[in-house]
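Colleague: Chains A and B supply the protein sequences, listed in that same order. The opening residue of the first sequence carries number 690 in our numbering; numbering runs sequentially from there. The opening residue of the second sequence carries number 50 in our numbering; numbering runs sequentially from there.
It is worth saying that the hints were derived from the structure and are not from the lab. Bear in mind that the values here come from a model prediction, so they are computed numbers and not experimental data. Ideal placement from N, C-alpha and C gives every residue a C-beta, glycine not left out. There's no promise every hint is true.
Label pairs and their in silico Cβ distance ranges [said to hold, decoys possible]:
#1 A/Arg771 to B/Val187: 24 to 32 Å
#2 A/Asp852 to B/Ala127: 21 to 29 Å
#3 A/Asp916 to B/Gln157: 36 to 44 Å
#4 A/Gly825 to B/Ala125: 42 to 50 Å
#5 A/Val1092 to B/Ala83: 54 to 62 Å
#6 B/His99 to A/Ala942: 41 to 49 Å
#7 A/Arg830 to B/Leu224: 34 to 42 Å
#8 A/Gln909 to B/Gln157: 25 to 33 Å
#9 B/Arg172 to A/Arg771: 34 to 42 Å
#10 A/Pro1138 to B/Ala127: 27 to 35 Å
#11 B/Val89 to A/Asp852: 52 to 60 Å
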Amino acid sequence: MTTFGIDLGTTNSVISRLSEGRPTAIPVAGEVIVPSVVCFRDDGVVVVGREARNLELAHPDRTVRSAKRRIGQDFAYDVAGRRLRPEEVSAEVLRALKRGAEAVTGEAVREVVITVPAYFDDAQRRGTLRAGELAGLDVLRLLNEPTSASLVFDQAVASAARDPEIVLVYDLGGGTFDVSVLEVFGEVREVRATAGNTHLGGDDFDDKLLSLFLDLLRTQHGADVRDDPRAMARLRRLAEDTKIRLSTETEVAIAEEFIATAGGRPLHLQTRVTRRQLEALIRPLLESTVELARRAVSEANLGAQPLTRVCLVGGSTRIPLCREVLDDAFHVDVREDVDPDLAVGLGAAVQAGLLKGEPIERILVDVSAHSLGILAMGRHDAEEDDGRFTADTFVPIIRRNTVLPAVRSEELYTALDDQETIQVRVFQGESPQASKNTPVGTFKYDLEPVPEGSPVVFQLEYDLDGVVRVSVSQPETKNAKTVALRVADASGKPSDAADRESSAIVRKARAALARLEGERRSRLEGLLADLAATGSGERRTEIEDAILDLLLDADGDEAASSG
Amino acid sequence: MSWLFSWFRRSVEANGDASGDSRSVAQVVTALEASLQEGVQKLARLQARHGARLEEIENKVEGGFADLRSATEHAARAASAPVRWDDLLDAADALDEAERSAIAAGDQPMADGLRAVVTRVGRFLAQQGVRREGRVGVPPDPALVRVIGAVEAPAMNEGHVARVVRAAAMEGGRLLREGEVLVARRPPPPPNAEANP
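For reference, chain A alone in the conformation it holds in the complex:
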């Protein structure tokens, strides 16, 4: 019998199962993300999910959302002439997920793992179990949401760590924020601390943009449309769309015609919103989440144990600034290998499979092994900030561990009035100094005459074949250029056959370092250092010969010992 995993969320829910050893989310009525909304129609039919959400404003007295917030409490909803406990409402959501999954898979859904927030108390957990029972489910286990997410991230990360790891699970959804610190050691996962804000999420970011649009209408047209439900609905949708687009674009052109009327005249909203503007609006909210994350780390009493990585969960973590503030705060690997909307649900399916002894396959996710970015003028080291700009700042555009293929863009600004060209230099690596990273390629981009500080957009499109397409453009002009570079070239741009041979020897030597030990290893390290400090010429050939001799000796010894 197949086992299933359910993420019973406050706003949305997901049901998933293991398919050929890998967790897969199951579409219910065509969508894998099911709104946790229940509508009790007057004809006795119970509608759950998208359709219930669509009817919510038409039948507020018959609709319940976010029952999870009340589960386990001594509380009842007065809905459609009935008194319903939160467990009974949640049971309707579970029942809809069960039926939907059965329709898609053709298998009976009976045994399940359901996820709950790590901070849920006993009453809330018992309430969730009761909801499962009412839905006709056999709940094998209630699994903490961060534990669930970490399970699925572990399936995606080829971690060779044999020591306990400390993982921070940062879960920023549409309406809630949870952060947990987990200790992971082999199969054991322990939640060491949790923190959160039950009323903070992507909806708050939408509200910030909504306020921006309302202000614009007020200043440009002297109109206040807050009492106009049609205009407000359009602006709300516009805010969400703009937020999503600004995760991959640096600027969005807004054109909402006939948004409202004032004094019998139609009003139009036309403007541009930049990612910088959005970031300025939401930064305080994101910084408040980082503070909560810091508090969780502090309460976890880690002692000498370092934080190993951060796992991103929840759709709002797609916002680039979210990752940036976490990078700045913790300086550890930030993982986004798994679809943040599905991670918790997929982890529940993995747990269900583990409980039933099903084989679990590793999830193969292609991610960028290094950050890819460009060289710019700037101040790269805050500690040594003497107010001077240097032309050695590395601006990462596609960050390390980004799922591929990926498209990301960044807006930078011209340094001079009527600057004629930009030498676009692409690097990969993690150092804030471009010169310490590996060059990928370079090309020239001619600018149209603009004043100092004018924007230039750099877009990097990185595919699974290791090709990065670098597009440079000037907003509001037709001036654009795209160049394809191969990241496999990133050992430096060889200029001739001898250089190519030389870099091949270096690569072989670096690869050999991993298997050599003792004196031979330190000698090779010394030779590589000498080579790095030596230009071309006879001395370089001598060092290369010494490296080749050492490698040949090592190969000979290995062959002798294996033979």
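Using the hints provided, position chain B relative to the given structure of chain A.
Modeller: Below, chain B alone, put in the same frame as chain A:
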């Protein structure tokens, strides 16, 4: 290789004059051995260098193929990407709104013209297999539209669609995008209504 030199040395010593200068023979052999060893070493280095160069060329060729594959896939993706109708559907919604605005302003000829343009857009979409859905005066169909609010509409049944803010769009039996509607609500009773018998 050293066994070869040992054999050679033994052979020379065995066949040489017993009273002859066996020391110089040994020196010759040692020199020969060293020279041969050096030659073998140079050969091995040369082979390693050629191997490295060959590896680099292979990498380049593989990279070239990767570039080609990537460019082909990129072009194929661009060619097979589904047509996005969002802008045209949004434009049709804006024209609906413009028509309502013209009617409100009492400009019927303008409203008629705009209606004719909406009809043209609808016809074009229909030719592409896309149908706009948004009927007023009926209960909202939650499979197609989302209720985003209510407006006073005394002439309509309460809860029925009073206004379409965004038409739903279907492509065959598939929902391309969800619509948004406002439903009718009854106006509140006048303040003195309860006082009257």
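Colleague: For each hint, tell me whether it holds in the structure or not.
Modeller: Each hint tested on the structure:
Judged by the Cβ atoms, the range 24 to 32 Å given for A/Arg771 and B/Val187 holds: they are separated by roughly 28 Å. Remark: the range hint 21 to 29 Å for A/Asp852 to B/Ala127 is contradicted by a beta-carbon distance near 47 Å. Distance hint check for A/Asp916 and B/Gln157: the Cβ-Cβ separation is about 28 Å, which falls outside the suggested range of 36 to 44 Å. A hinted range of 42 to 50 Å for the beta carbons of A/Gly825 and B/Ala125 is consistent with their spacing of about 46 Å.
Range check, A/Val1092 to B/Ala83: Cβ separation about 58 Å, and the 54 to 62 Å hint holds. Between B/His99 and A/Ala942 the C-beta distance comes to about 57 Å, which lies outside the given range of 41 to 49 Å. Between A/Arg830 and B/Leu224 the C-beta distance comes to about 36 Å, which sits within the given range of 34 to 42 Å. Taking 25 to 33 Å as the suggested C-beta distance range, the pair A/Gln909 and B/Gln157 conforms, at roughly 29 Å.
B/Arg172 and A/Arg771 have their C-beta atoms about 48 Å apart, which leaves the hinted 34 to 42 Å range violated. Taken as a hint, the range 27 to 35 Å holds for the pair A/Pro1138 and B/Ala127, whose Cβ atoms sit roughly 32 Å apart. With their beta carbons about 47 Å apart, B/Val89 and A/Asp852 fall outside the hinted range of 52 to 60 Å.
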